[in-house]
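Visitor: Next come the chains, spelled out residue by residue.
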Amino acid sequence: MSSLRRTCLHEFNAARGARFVDFAGWEMPVQYKSILDEHRAVRAAAGLFDVSHMGEITVRGRGAGAFIDRLVTNDISRLTPGGVVYSPMCHPGGGVVDDLLVYMRAPEDYLLCVNASNTAKDHDWIRRNAGDFSGEIEDQSAQWGLIALQGPQAPAILEKLTPVPLRELRYYRFAEAPVAGVLCIISRTGYTGELGFELFVPWAQAESIALALEEAGRPHGLVMCGLGARDSLRLEAGFSLYGHEIDDEITPVQAGLLWTVKLAKSVPFIGRDALLREKTDGPARRVVFFRTGDRRIIRPGTPVLAGGTTVGRVLSGTLSPVCNEAIGSALVDAPAASDGLGVDVRGQRVPLTLCKPPFVTLPKQH
Amino acid sequence: MNVPTHLQYTREHEWLKVLDEATALVGITDYAQNSLGDITFCELPKPGRKLRCGETFGVVESVKAASDLFMPIDAEVLEVNPVLTSAPETLNKSPYDDGWMLKIKILNRAQLPGLLSPEAYEKHLGA
Chain A
1 MSSLRRTCLH EFNAARGARF VDFAGWEMPV QYKSILDEHR AVRAAAGLFD
51 VSHMGEITVR GRGAGAFIDR LVTNDISRLT PGGVVYSPMC HPGGGVVDDL
101 LVYMRAPEDY LLCVNASNTA KDHDWIRRNA GDFSGEIEDQ SAQWGLIALQ
151 GPQAPAILEK LTPVPLRELR YYRFAEAPVA GVLCIISRTG YTGELGFELF
201 VPWAQAESIA LALEEAGRPH GLVMCGLGAR DSLRLEAGFS LYGHEIDDEI
251 TPVQAGLLWT VKLAKSVPFI GRDALLREKT DGPARRVVFF RTGDRRIIRP
301 GTPVLAGGTT VGRVLSGTLS PVCNEAIGSA LVDAPAASDG LGVDVRGQRV
351 PLTLCKPPFV TLPKQH
Chain B
1001 MNVPTHLQYT REHEWLKVLD EATALVGITD YAQNSLGDIT FCELPKPGRK
1051 LRCGETFGVV ESVKAASDLF MPIDAEVLEV NPVLTSAPET LNKSPYDDGW
1101 MLKIKILNRA QLPGLLSPEA YEKHLGA
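Chains A and B supply the protein sequences, listed in that same order.
The opening residue of the first sequence carries number 1 in our numbering; numbering runs sequentially from there.
The opening residue of the second sequence carries number 1001 in our numbering; numbering runs sequentially from there.
These are computed hints drawn from the structure, not numbers from a lab.
Bear in mind the structure is a predicted one, so any value in this text is a computation, not a measurement.
Just so you know, not all the hints are guaranteed correct.
As the list claims (entries may be wrong) - Pair by pair, the computed Cβ-Cβ distance ranges are:
no.	chain 1	residue 1	chain 2	residue 2	range
1	B	G1126	A	P81	36 to 44 Å
2	A	A334	B	E1076	48 to 56 Å
3	B	A1110	A	D339	27 to 35 Å
4	A	G25	B	G1126	25 to 33 Å
5	B	E1021	A	G308	43 to 51 Å
6	A	E214	B	E1079	26 to 34 Å
7	A	T353	B	E1079	43 to 51 Å
8	B	N1108	A	K121	22 to 30 Å
9	A	L354	B	K1123	44 to 52 Å
10	B	E1076	A	L211	43 to 51 Å
11	B	E1021	A	T361	40 to 48 Å
Where is the CB? At the ideal position from N, CA and C, for every residue including glycine.
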């Protein structure tokens, strides 16, 4: 594993029993003691995730907002400083280059949080599509650690360490303020569906912040969590994961992310024509979510069957520790996206019950 | 890894515990449960089923992967641990005791010396 990159919290994680895997070229904690226990801890109390592998790209200078609006499908022009927006960034054909969070730090000063596996690709894509934008495009990933604090106890834990009135920090807003004495970006966002925060922290000071969070979290049942629980939590919440529900081939229209595609915005963004056409004609295939009522996990790549015909494939699959049954997503031919689908598990037909996520009751975010 | 000295092992990480002349218990090792991680499902054969040495007798699934189970010797299934259907995580907590999988009838005692000793299994893990 010597060629893998390590996060600013590697030693911190290792000392807490992390089991590491290669994820997008990073040596990342996949679990500490138990994925299922970590998952349940986030739903019931709180979890701490090191997601410092995520990329941060800054776009700054005159016209930065309009430039980003040309790159992404969601509407950036409506952001105010301290606001965050989730958006796909598409190819001309509508497939997704990456999905990202856009942070508006000040007018014409944005930070994009992107997937670790796509950071280099995104940086290159953004530069190649800069057109007449002459501002600065910088990959700052090496400067930022990212710590996710997620779960109903998250505000009680974090408010001990920051002067920010967290109860007033609304969903998809952020503040730049000290946490344990270190200036951070405190973002009311997350990838679990729970109340929580994502903290962009200076790389060199990440460990002191993690230690302070651990200490503050102890009376609240805070648990260290790995990427395993992060994946099952996001799937239970019904959030797309790049490389699964969306990728270079699967468009936001197919993925049910039309709410992030602002076809009417004033800036003609990359992929607009293709997405408009697909919306008008109806997509040829669709991402659906399913449950099985059975504990056997349906693995990605498993063919989806209607009768004896293959009509799609599974994209994500796990056991929901809360529902105690297998849940997942699949890409299926649009006409087949209804009842009567199934998969073959070791020679046995398992019917898929299609449903609208989230699979669990999540807190109302506001 | 915990490798109890009173059991015999396979290279595929099953253990076998001889109970008497005719019967034995079969399960998976501490190493197996630890490598799999959280076990979420366990599929085992019905009592009465006869299996040959090396034949697949079931599947154990974790969040990470599904893994076949191999019969250590020729055997007939006498009992299946009922706990594992509703609580497969027992395999993580107690792989050698509460997490036993099958009680079997030994059909060919001559195969027993072919299994790995605890020392040989530890060496296999180290290799």
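Visitor: All hints are to be evaluated individually against the structure, with a verdict given for each.
Guide: For each hint, the structure was consulted:
Taking the beta carbon of each, B:G1126 and A:P81 are about 58 Å apart, not inside 36 to 44 Å as hinted. Checked against the given bound of 48 to 56 Å, the beta carbons of A:A334 and B:E1076, roughly 51 Å apart, stay inside it. The beta-carbon spacing between B:A1110 and A:D339, approximately 54 Å, falls outside the hinted interval of 27 to 35 Å. At roughly 29 Å, the beta-carbon separation of A:G25 and B:G1126 lies within the given 25 to 33 Å, and the hint holds.
Restraint check, B:E1021 to A:G308: a C-beta distance of roughly 50 Å satisfies the suggested window 43 to 51 Å. As the Cβ distance of A:E214 to B:E1079 is approximately 46 Å, the hint placing it in 26 to 34 Å is violated. The hinted window of 43 to 51 Å between A:T353 and B:E1079 is violated, with their beta carbons roughly 34 Å apart. Take B:N1108 and A:K121: their Cβ atoms lie about 58 Å apart, and the range 22 to 30 Å is violated.
Between A:L354 and B:K1123 the Cβ separation comes to about 51 Å, which falls inside the hinted range of 44 to 52 Å. The beta-carbon spacing between B:E1076 and A:L211, approximately 57 Å, falls outside the hinted interval of 43 to 51 Å. Restraint check, B:E1021 to A:T361: a C-beta distance of roughly 56 Å breaks the suggested window 40 to 48 Å.
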